[in-house]
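J.: Letter by letter, the chains look like this.
2 protein chains.
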Amino acid sequence: MKSTRLTKLLGIKYPIIQGGMVWVSGYKLASSVSNEGGLGVLGAGSMKPELLKKHIVKCKSNTNKPFAVNLPIFSSYSQAQIEIIIEEKVAIVITSAGSPKKYTQRLKEAGIIVGHVVPSVLLAKKCEDAGVDFIVAEGFEAGGHNGRDETTTLCLIPQIKEAIQIPFAAAGGIANGSQVLACLAMGADGVQIGTKFACSKESSAHENYKDEIIKANESHTALVLKSLMPVRIAKTNFYDEILIAEKKGNDLAELLGKGRAKQGIFEGNLKQGELEFGQISGLIKVCLSVQEIFYQLKEEYKKSLNKVVGV
Amino acid sequence: MKSTRLTKLLGIKYPIIQGGMVWVSGYKLASSVSNEGGLGVLGAGSMKPELLKKHIVKCKSNTNKPFAVNLPIFSSYSQAQIEIIIEEKVAIVITSAGSPKKYTQRLKEAGIIVGHVVPSVLLAKKCEDAGVDFIVAEGFEAGGHNGRDETTTLCLIPQIKEAIQIPFAAAGGIANGSQVLACLAMGADGVQIGTKFACSKESSAHENYKDEIIKANESHTALVLKSLMPVRIAKTNFYDEILIAEKKGNDLAELLGKGRAKQGIFEGNLKQGELEFGQISGLIKVCLSVQEIFYQLKEEYKKSLNKVVGV
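Keeping their order, the protein sequence lines are chains W and L. Taking this note's numbering, the leading residue of the first sequence gets 1, the next gets one more, and so forth. Taking this note's numbering, the leading residue of the second sequence gets 1001, the next gets one more, and so forth.
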């Protein structure tokens, strides 16, 4: 795989960022991805500040390569997490779910490279204006929290490419090496891969959650909670509960306010829990190690490149 | 652009199929696309049998290259249209919106190459079993009628590739040459392009409709009528009417049963009419001739290929 503006900016070998996912992306996953030449990312969204600190420390002792922290801005812990990130001299932060204006300046003053996750061209432009160093442009097919415009990754990439000057990674729906090549062909400087790594051996998610990804076919996820904060989840029992609550006009915030994601992803409760993963789960048929995933991505990329170059 | 299994099957130079769109794809558009080396497609969905016959005859006199007819199976005219297609010895038919079992055998017995439009892996497999020669796999971002699973083009391509042996074109969200390369990289044997051609000089659509595509940004379309038959349309007045009717529980079929698509696309009535086009409209900023579109697609493809091959 070729080096790009993004690999140079982040100091990584391959243009592959691992999505910083709640209850999935601890130091084991992040350090393994960084050791393979991608950008490992700790998912701070499911960590209290002290736990985040532990994961950062462990990540540093497990890899001497760059890694990042994904920081959902809306979290009540985000301010405290920022202080730990600066204290621990984390090289890269990817903020999400909030205004890029909120923390970008503070982080950059501390010498940190800042990325921000966006679902739209409009927000990508705002990030550039706010001084963000790179964008993660995430489409409708991505697992977890999602944008309101429902713009797909394929539609997002060329529009983002035209709209901004800073490097960007494409995210949402990417699980194999031919798709990495496809995203680079459309002008992305790299990709972010979520669900594939959520289903890796080093992911902290529960085996039940990983099995659900493996069993999923193309129609096993849906974007729900559009009136509140859109999120793509698996069509398990909790999904049915949401549809019923929406129909009845029940309080959705209350339905959610029970640690559903932890129950589903971390504890493997398929009945009560919320399982966040992406539409590309239909393509994932086995749980591999991070090393095996990188080997596969590189082989698929090479094969695909030979195919488009050959006659 | 390289030749593929699909270009060989269809006898065309470039792996580009023009979407057979209602009120858009008459003989002018179809013959122009075929003359440029793609596959021009007449949209029979908005033509009574006698009108379809006229367009076929005119298309034949305007090009000596292969062209196709897109035939929505659910239409009450489909049986009569099939007879005309066979009588007029059209080389290729792309069926859609109905079971591939219905007409495939009859068409193949008449020596016609049969394609079928699918929104899912499941239906792609059924097409293969029914003897269909090629698939058009269309994602969530496509304009007009759409699948229930909301699978995006990026997620659909690698899954279709793994599931079937026959050639397939990717459709939905494709408007530039870098995206054509991206789709081939992911394993598609070609692409189908809709909205970009709907906004061409040779399209029979009204200028108001074309202007609406040009003005559209990334969030200007939405998938609606999910309880009836999902369709992606522009967020104009008619879109608001649908949302209100859905909220009130009014009869949606009645709301639609007023030639809305004709009013919007063909007559340019932006208030009462339904404007079907895709999410990639946000990327389309000018109305070009078919010749200019092909020139651009080839240039973009070449540039993109050089980029992924170069260091």
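A couple of the hints might just be wrong.
[To be verified] The calculated DSS-like cross-link candidates involving lysine-lysine, where the alpha carbons are at most 30 Å apart (straight line), are:
no., chain 1, residue 1, chain 2, residue 2
1, W, Lys161, L, Lys1303
2, W, Lys247, W, Lys28
3, W, Lys302, L, Lys1008
4, L, Lys1235, W, Lys161
5, W, Lys298, L, Lys1226
6, L, Lys1302, W, Lys303
7, L, Lys1302, W, Lys8
8, W, Lys215, W, Lys65
9, W, Lys235, L, Lys1089
10, W, Lys215, L, Lys1247
11, W, Lys303, L, Lys1258
12, L, Lys1002, W, Lys161
13, W, Lys161, W, Lys48
14, L, Lys1247, W, Lys13
15, L, Lys1247, L, Lys1258
16, W, Lys302, L, Lys1247
17, L, Lys1201, L, Lys1013
18, L, Lys1247, W, Lys126
19, L, Lys1201, W, Lys307
20, W, Lys161, L, Lys1247
[Unchecked claim] Computed beta-carbon distance windows for the label pairs:
no., chain 1, residue 1, chain 2, residue 2, range
21, W, Pro49, L, Gln1165, 32 to 40 Å
22, L, Ala1253, W, Leu51, 22 to 30 Å
23, L, Leu1243, W, Lys215, 33 to 41 Å
Hint data in this document are derived by calculation from the structure and do not stem from the laboratory. Glycine included, every Cβ here is placed at the ideal spot set by N, Cα and C.
J.: Taking the hints in turn, state whether each one holds.
T.: Against the structure, the hints:
1. Lys161(W) to Lys1303(L): Roughly 14 Å separates the two Cα atoms, so the pair holds.
2. Lys247(W) to Lys28(W): Violated - the C-alpha atoms of lysine 28(W) and lysine 247(W) are around 41 Å apart, more than 30 Å.
3. Lys302(W) to Lys1008(L): Holds, because 25 Å separates the two Cα atoms, which is no more than 30 Å.
4. Lys1235(L) to Lys161(W): Holds: lysine 1235(L) and lysine 161(W) sit about 24 Å apart, inside 30 Å.
5. Lys298(W) to Lys1226(L): 39 Å, violated
6. Lys1302(L) to Lys303(W): 19 Å, holds
7. Lys1302(L) to Lys8(W): 25 Å, holds
8. Lys215(W) to Lys65(W): Given that 30 Å is the threshold and the Cα spacing comes to 34 Å, the pair is violated.
9. Lys235(W) to Lys1089(L): 47 Å, violated
10. Lys215(W) to Lys1247(L): Not OK: lysine 215(W) and lysine 1247(L) at ~35 Å, beyond 30 Å, violated.
11. Lys303(W) to Lys1258(L): Between lysine 303(W) and lysine 1258(L) the Cα gap is close to 51 Å, so the pair fails against 30 Å, i.e. violated.
12. Lys1002(L) to Lys161(W): OK: lysine 1002(L) and lysine 161(W) at ~25 Å, within 30 Å.
13. Lys161(W) to Lys48(W): Distance ~36 Å between lysine 161(W) and lysine 48(W) Cα, so the pair is violated.
14. Lys1247(L) to Lys13(W): Violated. Lysine 1247(L) to lysine 13(W) sits at ~52 Å, over the 30 Å cutoff.
15. Lys1247(L) to Lys1258(L): Cα-Cα ~20 Å, so holds.
16. Lys302(W) to Lys1247(L): 50 Å, violated
17. Lys1201(L) to Lys1013(L): Measuring from Cα to Cα gives roughly 22 Å; hence the hint holds.
18. Lys1247(L) to Lys126(W): Given pair lysine 1247(L), lysine 126(W) is violated - Cα atoms ~34 Å apart, limit 30 Å.
19. Lys1201(L) to Lys307(W): 34 Å, violated
20. Lys161(W) to Lys1247(L): 37 Å, violated
21. Pro49(W) to Gln1165(L): 32 to 40 Å: Distance hint for proline 49(W), glutamine 1165(L) is violated at roughly 54 Å.
22. Ala1253(L) to Leu51(W): 22 to 30 Å: 54 Å, violated
23. Leu1243(L) to Lys215(W): 33 to 41 Å: About 35 Å separates the Cβ atoms of leucine 1243(L) and lysine 215(W), which means 33 to 41 Å holds.
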